[in-house]
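From first to last, the protein sequence lines are chains A and B.
Each residue of the first sequence is one higher than the one before, counting from 57 in the working numbering.
Each residue of the second sequence is one higher than the one before, counting from 194 in the working numbering.
Read the hints as simulated data drawn from the structure, not as lab findings.
Mixed in with the good hints there might be a few duds.
Residues of chain A placed beyond 12 Å of chain B at every Cβ, according to the derived structure [to be verified]:
#: 1; residue: Gly66
#: 2; residue: Arg74
#: 3; residue: Val97
#: 4; residue: Gly145
#: 5; residue: Met148
#: 6; residue: Ala156
#: 7; residue: Ala157
#: 8; residue: Ala165
If we take Cβ atoms under 10 Å as the criterion, some of the chain B residues that face chain A in the derived model are [claimed, not checked]:
#: 9; residue: Arg199
#: 10; residue: Ile206
#: 11; residue: Gln211
#: 12; residue: Leu217
#: 13; residue: Leu256
#: 14; residue: His261
#: 15; residue: His508
#: 16; residue: Tyr972
Heads up, the beta-carbon is just placed ideally off N, CA and C, and yes, glycines get one too.
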Amino acid sequence: MSEKPELMPGTLDMLILRTLARAPLHGYGIALAIRRLSDDVLTVEEGSLYPALQRLLLRGWVKAEWKLTETRRRARFYTLTTAGRRQLGIEMSEFERMIAAIGRVLQNA
Amino acid sequence: MDALLRLLRRLRILIRRQRFSSELEEEMGFHREQLEKEFREDGVDPEEARYAARRRFGSELQLREQSHDVVAFRLETVLQDLRYAARQLRRNPGFAATAVLILALGIGATTAIFSVVNPILFQPLPYPHPGRVAMIWETHGDGVPLAVSFGTFFGLRERSRSFDAIAVEKPWQPTMTSAAEPERFNGQRVTPAYFRALGIVPVLGRDFQPSDDQFKGPNVVMLSDRLWRRRFGSDAAVLGRGVTLDGNLYTVIGVMPRSFENVLDPSAELWAPLQYNPSLPPDGREWGHHLRMIGRLLPGVRLQQAANEGGAILHIWAQTHAAGYRSSGGAPSGLLVHSLQDDITRDVRPALLAILGAVALVLLIACVNVTSLLLARGGQRRGEFAMRAALGASRSRLARQWVTESLLLAVVGGVCGMVVAELGVRALVALSPPGLPRLDAIRIDGAIFTFGMAMTTLIGLGCGLVPALHISRGNLHLGIGQSSLRTVRGHHTTRRTLVVAEVALALVLLVSAGLLLRSVQRIFAVALGFDPSHLLTMQVQEAGTHFQTDADRERIFEQALEAVKHVPGVTSAAFTSQLPLSGDFESYGMQFEAWPNDQFEPAFRYAVTPDYFATMRIPLLRGRLLDERDRAGAPVVVLISESLARRKFPGKDPIGQRVRIGPDIGHADRPWDVIVGVVGDVKQVSLAVTEPDAFYTTSTQWAWVDNVQSLVVRTPTDAASLAPAVRTAIWSVDKDQPIARVATMENLIAASESQRHFALVLFEAFALVALLLAATGIYGVLSGSVTERTREIGVRSALGASRNDILALVFRQGMMLAALGVVLGLLGAFAASRALITLLFGVSPLDPLTYAGVVALLLGVAAFACLRPARRAARIDPAMTLRAE
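Can you build the whole structure from these sequences, using the hints too?
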């Protein structure tokens, strides 16, 4: 995957939370959504979602629940919790602040 | 809070590790399959699609490990924390020892009390379906349980459809004379279904059968495991062998199992059939209220149902057996059916629950104290923690460090506490009041140990959490070099709150102890109706078949009394059929000629020798006492108690009035007895119970000669020292005459109040511990505060505050805390004293004197605890502190 741009550290959690903000998804669904929404620019090593999801579960930002997909397969669906929604807000504003700062440096240096 | 939730989630995953792994594998597998499908739909060939999917997914093994790492406890960090904690405790041995000691005492005391209370109140009795075993009493409609008569039992056994098995029992103290040394045993006379009602079968031989329980039937006996081992060497050939009990030959038919716990009479080692007369003669012992009845309810039958059914049966039964019931004081109005467990624990329950509550308070105070100590340590170690935070330790890691340290403390405290508990249980059993049920079941076993350790873990977590929360709340980075005022202040508020709580809890305990103390004082000041000093008492039994007739019995008791009177040091001596405050409880009906419509209410029956009143010093109020003229054959004369006289003959002279007593009631053909005197009321059942109705006859004029009588001996010297000489005198008349229950009257009185006394001793001990802990709490907080305010105090004195001002400043601070605690504690004590009400006597639960005394004591101790920190503050030299700045 070296030909693809790597994610900035710490942004994976935020991306997961953001995709879950729209609707509950299973792991594959999250990966798919990130790929599609970024026009295939952000293609993470998709398995790395899972350690990240465990971390989010542990922090209580998402909940997991086994349900059936449309194709009647059993899959684990993740839902954003209230705390997760709050965390998403924090991370997004933090991220925007950082991007703006980087932008300012790039423009003015 | 977040850290705690995370810890709990981690724990949950740790417990369900298997499930965590399989779920992770399943969802990763699903993901990979979907990717593969995606590639195949794009036209990649299946083999290639699998590889592409794997590449896109990443190393599954590695990712799985990473996921596990996220949720796992890192063992090495746990070990690190533990090592670090141990080092910290070693570095400060004073702190560690204090905390461990407090915890060990708290946990030990609680565990010990719990192990006593557990088998009595919480564990079911060791019988199959213990909930179906019931205790059955007669009642006269006042809800007071009354021992059943054989007549009542007989009627119920014939007609009741509520029970699988129903039986009565009475104590039996036979002397075994087959061996060289006669030995007296405790046993029970039972009807055949006794063991079946409990659900226990003999381990050897057979159970009793109805044919064993015939009137004047065969002499058969069952042995306890203990007796079988001790006297018969565990020999199975004991069955069918004969033993001589009270001069009669009994055949051994069975041995009970070792595990059999006989809660109705734990000391019983022998059982024989009751063998009462089934024709129920109305003037025999068949109508005396002296049996205890148990039954095993049929499945599905409730206690109340059985009581209702039995009551209905009795109603009809009483009409067909009116004469029998008349002789014993009237037919009962109904039955009380209790579960056996509730029944045997009924008397001790309030005291045990109160003691359990008290020890819980002590434990709470101990925890508060240790938390406060930990917080104080937190203050001292602020710098260290700030440094670790600066070096990159996360907050949760630091919080975990605290919890690890307090857990370590708690576990060390808990292990020491188990030792304390073991000693405590032994002391409690030794101290326990007579009549505490299930004494043999009290021990520290696996369940108790688990209880203790679970408690320890909770305490460790709880105590560590408070400082841990402080760490994560405060701003650590400010801690290096300068103290964060916010943290310090938060710290102090918490510690002060803890001290207030300690004082409040201590006050609750002190008030409870105070109320009990006042009750015990009151109760021992109660007028007994006789003079208990210099009185020796013992129970003398006529030993079986040697003396078959009443006349023989009478002669042997008379000779024994004569012999006792000649013992040097004996002023006077007498026999009585029942002895006050000894646990004896026997009443018979009375019929008054002046009250033709009377219900023949029961009164205590005393069949005594004439010197009884002089020996006991029961005052004669009217008429005359009993004397030598009142022998068998002479007209029967009766003395009645003052209360009975006042109630039955208000404003009239009872002397010369006529009555019938016991078996004579209702027999118009028998002569009336004459009341010749009135004597003072006597406490019979207990110091607290006022049931003064009693009548007295001479032993020889009562319907039969009792084969168990109590001897009372008055002496001008020490009563206890007279016992051997008195015993020898009785044995000089008949060497086989068993003597039991030798005690001075003062011992009997103490024993009759032993339960209240037991509770008092424990409450006093707990209250003392609470007081000490509260005092050290105040002292600790003030000391810390003085140290931290050194600068401020220095400035104050530099600005002209006198030493007295400084003293007052610190004092005020300490006493404010104490006062606040007292106010809260008073509210708690109001509530707690209500729970104590059954243990109180003659004192209101809101007794102002007790409350005032306790508040004064607590404030005094608090003031004392303030003294040293205040002095230290007053000695602060302003020049020194200002220079140090």
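To see whether the hints hold, each was checked on the structure:
| no. | hint | result |
| --- | --- | --- |
| 1 | Gly66 | holds (15 Å) |
| 2 | Arg74 | holds (19 Å) |
| 3 | Val97 | holds (15 Å) |
| 4 | Gly145 | holds (17 Å) |
| 5 | Met148 | holds (20 Å) |
| 6 | Ala156 | holds (26 Å) |
| 7 | Ala157 | holds (23 Å) |
| 8 | Ala165 | holds (31 Å) |
| 9 | Arg199 | holds (6 Å) |
| 10 | Ile206 | holds (8 Å) |
| 11 | Gln211 | violated (16 Å) |
| 12 | Leu217 | holds (7 Å) |
| 13 | Leu256 | holds (4 Å) |
| 14 | His261 | holds (8 Å) |
| 15 | His508 | violated (65 Å) |
| 16 | Tyr972 | violated (42 Å) |
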